Amino acid sequence: MKRVIEIEKLGQYRLDNSLHTWFHDKVCERIGTADGEKIGVPQTMVEEYRACVDEEFEMLKEVSGEENETKAILKKDAECDRLLSFILGVIRIMRLSPRQEVAEDAQHLYVLTHDKKRIQSEGIGRKPARIDSLLNDLKKPEPAAMITRLGLDEAVGLLKQANEDASRLQRERSNLRVRRKRPSMTQIRPKTDEVYHEVILQLQYAYKNNVPPIDREAIAELVRHLNEHTAHARMTYKKSLAQRRARRKQKSVPTDADNPV
Numbered sequence: 001m002k003r004v005i006e007i008e009k010l011g012q013y014r015l016d017n018s019l020h021t022w023f024h025d026k027v028c029e030r031i032g033t034a035d036g037e038k039i040g041v042p043q044t045m046v047e048e049y050r051a052c053v054d055e056e057f058e059m060l061k062e063v064s065g066e067e068n069e070t071k072a073i074l075k076k077d078a079e080c081d082r083l084l085s086f087i088l089g090v091i092r093i094m095r096l097s098p099r100q101e102v103a104e105d106a107q108h109l110y111v112l113t114h115d116k117k118r119i120q121s122e123g124i125g126r127k128p129a130r131i132d133s134l135l136n137d138l139k140k141p142e143p144a145a146m147i148t149r150l151g152l153d154e155a156v157g158l159l160k161q162a163n164e165d166a167s168r169l170q171r172e173r174s175n176l177r178v179r180r181k182r183p184s185m186t187q188i189r190p191k192t193d194e195v196y197h198e199v200i201l202q203l204q205y206a207y208k209n210n211v212p213p214i215d216r217e218a219i220a221e222l223v224r225h226l227n228e229h230t231a232h233a234r235m236t237y238k239k240s241l242a243q244r245r246a247r248r249k250q251k252s253v254p255t256d257a258d259n260p261v
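Take the sequence shown: its letter number 19 is residue 19 in the UniProt record's numbering, and every next letter is one higher.
Keep in mind that the hints were calculated from the coordinates and are not lab data. What you are looking at is a predicted structure, and each value in this text was computed from that prediction instead of being measured. Incorrect hints may have been included.
[To be verified] Here are the simulated DSBU-like cross-link-like pairs (lysine-lysine), alpha carbons at most 30 Å apart as the crow flies:
1) Lys208 to Lys191
2) Lys38 to Lys9
3) Lys140 to Lys160
4) Lys9 to Lys239
5) Lys61 to Lys238
6) Lys9 to Lys208
7) Lys238 to Lys9
8) Lys239 to Lys26
9) Lys75 to Lys139
10) Lys191 to Lys9
11) Lys26 to Lys38
12) Lys249 to Lys71
13) Lys61 to Lys208
14) Lys26 to Lys61
15) Lys71 to Lys61
16) Lys191 to Lys239
17) Lys38 to Lys208
18) Lys26 to Lys9
19) Lys61 to Lys75
All chains should be modelled from the sequences, with the hints used to inform the complete structure.
In structure tokens form, the structure reads like this:
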């Protein structure tokens, strides 16, 4: 039997967060179910490794939750954009009204809102404040009467509600981030990788020295499973990489719509 055990290496920094956590969870599970005395890995090291993996799982849950929160914010932001487009569009087109008083109202509101037309291009964080500024201008007595005559009361009310919802969702997300006070994945992952490498070195050291009660066959069996997990993670990474490249290539290919005949 060889004096050195070969354990497949894996560029863990290349893996996305889900695959990184999956890989370490499988490895930790294998090591945790093995006989610690036979493989030469102390229980304290296994527990430290498991704590790191569990922290990654918790962070993945939080990231998933934050993604849902972000989707809700983006949806509400799109609603604000749509209502803004409608309100500003009606004001613009009603300047051509055959009714002189309506056209004059529309022209007055057009001048008032002209500098607000770029609100939709603002970042999500700044947009609610810009919309609030617009709504404050529109609720003043004279503009408010013009809004009513143009039939825009409902749209303005809906914009006010949508903007309040967007602001509330952003505050809730910020408050959650403060309360969690967790390190980011970029801080957690290196610690997991570090403990993993310590475990691997421990296995290699135990196998090489072969001091009882170390069992080389038990280590070899464990390493066989670890190498399988490494191969699977590598294959999954390469498959994902190929898919991303294919999508980028597909986007770069001009379509008939891009090149009309």
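The hints, checked one at a time:
| no. | hint | verdict |
| --- | --- | --- |
| 1 | Lys208 to Lys191 | holds (26 Å) |
| 2 | Lys38 to Lys9 | holds (23 Å) |
| 3 | Lys140 to Lys160 | holds (15 Å) |
| 4 | Lys9 to Lys239 | holds (18 Å) |
| 5 | Lys61 to Lys238 | holds (25 Å) |
| 6 | Lys9 to Lys208 | holds (18 Å) |
| 7 | Lys238 to Lys9 | holds (15 Å) |
| 8 | Lys239 to Lys26 | holds (20 Å) |
| 9 | Lys75 to Lys139 | holds (26 Å) |
| 10 | Lys191 to Lys9 | holds (17 Å) |
| 11 | Lys26 to Lys38 | holds (20 Å) |
| 12 | Lys249 to Lys71 | holds (27 Å) |
| 13 | Lys61 to Lys208 | violated (40 Å) |
| 14 | Lys26 to Lys61 | holds (18 Å) |
| 15 | Lys71 to Lys61 | holds (15 Å) |
| 16 | Lys191 to Lys239 | holds (26 Å) |
| 17 | Lys38 to Lys208 | holds (13 Å) |
| 18 | Lys26 to Lys9 | holds (15 Å) |
| 19 | Lys61 to Lys75 | holds (21 Å) |
Of the numbered hints stated above, the single one contradicted by the structure is hint 13.
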